[in-house]
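Turn these sequences into a full structure, and let the hints steer you where they fit.
Protein chains in written order, with the numbering used here: chain E, 186 to 349; chain Z, -8 to 567.
These are calculated hints, taken from the structure and not from any lab test.
As the structure is a computational prediction, the values presented were derived from the model and not from experiment.
There may be inaccurate statements among the hints.
[What the hints assert, rightly or not] Partial pick of chain E residues on the chain Z-facing surface, computed with a CB cut under 8 angstroms:
| id | residue |
| --- | --- |
| 1 | ARG188 |
| 2 | GLY201 |
| 3 | LEU203 |
| 4 | SER207 |
| 5 | GLY208 |
| 6 | ALA212 |
| 7 | GLN246 |
| 8 | LYS249 |
| 9 | GLN250 |
| 10 | LYS253 |
| 11 | ILE255 |
| 12 | ASP256 |
| 13 | VAL258 |
| 14 | ASP319 |
| 15 | ASP320 |
[Unchecked claim] Listed next, the in silico EDC-like pairs over lysine to aspartate or glutamate satisfying Cα-Cα at most 16 angstroms (straight line):
| id | chain 1 | residue 1 | chain 2 | residue 2 |
| --- | --- | --- | --- | --- |
| 16 | Z | LYS302 | E | GLU245 |
| 17 | Z | LYS31 | Z | GLU7 |
| 18 | E | LYS242 | Z | GLU169 |
| 19 | E | LYS249 | Z | ASP493 |
| 20 | Z | LYS302 | E | ASP241 |
| 21 | E | LYS253 | Z | GLU305 |
| 22 | E | LYS249 | Z | GLU7 |
| 23 | E | LYS242 | Z | ASP282 |
| 24 | Z | LYS123 | E | GLU199 |
Ideal Cβ placement from N, Cα and C applies to all residues, glycine included.
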Amino acid sequence: MSRQHIISMLLENESGALSRVSGLFSARAYNIESLTVAATIDPSLSRLTVVTVGSDKVIEQIKKQLNKLIDVVKLIDLSESFSLERELVLLKVKKSDATEQKISDLGADSMARITDETDGFLIIEVSGEKAWLDDFLLTLGDDIVEVVRSGVIGLSRGERTLTL
Amino acid sequence: MELSGGEIVIQSLKDEGVEYVFGYPGGCVLHIYDAIFRQKDVKHVLVRHEQGATHAADGYARASGKPGVVLVTSGPGATNAVTGIATAFMDSIPMVVITGQVPKAVIGSDAFQEVDTIGITRPCVKHNFLVKNVGDIAETMKKAFFLATSGRPGPVIVDIPKDITDPSIKVPYEYPAEISMRSYTPPVSGDIGQIIEAVKLIKEAKRPVIYSGGGVVLGEGSAELRELCRALNFPVTQTLMGLGAFPGTDPQFIGMLGMHGTYEANMAMHNSDLIIAIGARFDDRVTGKVDEFCPHAKIIHIDVDPASIAKIIEVDVAIVGQVKPILLDMLAQIKHLDETFDRARIADWWLQIDQWRATDCMAYDTTTGTIKPQYVIEQLYKVTGGEAYLTSDVGQHQMFAAQFYPFDEPRRWINSGGLGTMGFGLPAAMGVKFAHPDADVACVTGEGSIQMCLQELSTMLQYDTPVKVINLNNGYLGMVRQWQEFSYDSRYSHSYLEALPDFKKLAEAYGHVGMTIKKKEDVEPALREAFAMKNRTVFLDFLTDTKENVYPMIASGKAHNDMMMGPSSKYKRNES
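The following block contains the structure:
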């Protein structure tokens, strides 16, 4: 039974560290749904979040193999506990009453907002959980001119952290 | 002390206690080679091809337990080394490979002899480093040796751009005595709770098998393994990589398991109720069909690498840590059992195993006049008193050596088990000879494999590393031919080697002794003559039976109890 997991890790912030992680996924034929990485407040560390899909056995192997990479300092499976996940989407639509109506119909709690308006095009910024965003993009359908997704990031709720 | 980058590389090796570096010079390592020239402590061995350097360092490491060290230049120097690096990686062999790189300023510009060594080697090393500052070389070297030799060992690459080895730039040098890395903490002893759980299973087992692998050799756990096996009186099987950790001539040893393992070992695995896997990784050549692997058994798995556990086979008790302290803890627990533990309890199991043993599964036709490859290995065993270091290449000869030369000590059997690299044997034998100059070293090979790294015969003359090359020459890529016979209706597609060289003359051309052996009765005398020449490399070209197959065999995708038995075994189909 395959399930989606969000695995977040602290990496040594060194050149090549990212390719070790991505290379591991391709070499061992694991899936990457999304991958996002940036330096942390401590500039010697990066935080990398990868969304992957696999059976429990495969996910267990993925985590073990990631932990085995010398550049991976610490790792957490956000899907194992109550966690908050977010993805940012920027999308461009042609300005029209209909699209603006669709966006306002989604309601205030949708977190979607018009961030830019240039030459008759709107850029809409929206963040949320991956599944919700998938539905949101479906709703807009053919109105979308261009879209970019940041990939999922997340934090576990409460006391559980991924820190050194 | 102020040193240049090139000098720091060599001084670090000296401070690490490195005796030999196997290498080949080139543009980007010239500064380092100049530093080698100006000292005497670290000895350099000039190979004839960088693949040879890696295999020689690998053979040295396997035979000595110390890390092998390689020095090659950028570009083709590094790419030629890749096969040897991958070979060491698959078998978890400690190795540090120093590769030259083009100067930092031109990295990425497609400079002459530039290749992305870090990128190319990333999937086949334990770790690799690109050093960017001369001041970082010493610490990086320390990290490289620490990583290569600790935890699950493996090859580590240090890629050094030419500009940071510049002799005119000197920096203070201090080799770190200790190193720690926040992202790397190799496990030491095993969890005692898990060990107690394991001992509970051991106490209840009625049909147990100890399945021991290369990790016991690498982890120096041979003495503890022997003590455990004898304390329990359990049957012991070993993987190709594990041979010698438990004595091959001990009656408790039931032979190698897996594709060309013994009938008794594979049947014992299949019918077992408890498998104790020690430093073994459930390789596909061992498990056969995974879905039908040991269907009745609970499994205890001891390994230093957590990722090896439950990778292929789910286990009941996992113990992560170094094999030696784990086995010692286990032995201590077993001693508590003494009063209740009945060693005779598994007498019926031994009776069953002895029945399987009686099939004489590796028997071959001894009546023919042709030289059977098995016969050559048997005579090799006899002539060397079973005490030689044997390297092998890959193919039928490798399996015959594993089957017919029982090793009583670890580190005596040196072969490319994981990657299966043809060309490994000869340079590895040279490396073994550097580790054990007074020992008998033989390379068991075939006419296919030997031609893949033959050029090292020249290095062996230069450095006076006498090895006996046992060439089982059947004119075929024998293992390919065997599979084609069984699975492709004997369509021998490109497995016949036409236009073979005269190996005797070839050996002589390289300054060694060559022999061609065509008759069975000449096998033993030729071996005696060759081994009597202590200081010469002797190439023995045995013209063997062209159609001999390795038996028994578990065909690809079949289970342990579904073996193809040789025509000379006493096996009868209805026995199973």
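Would you list, in rising numerical order, the hints stated earlier that this structure does not obey?
-> Those not satisfied are hints 1, 3, 4, 14, 15, 18, 19, 21, 22.
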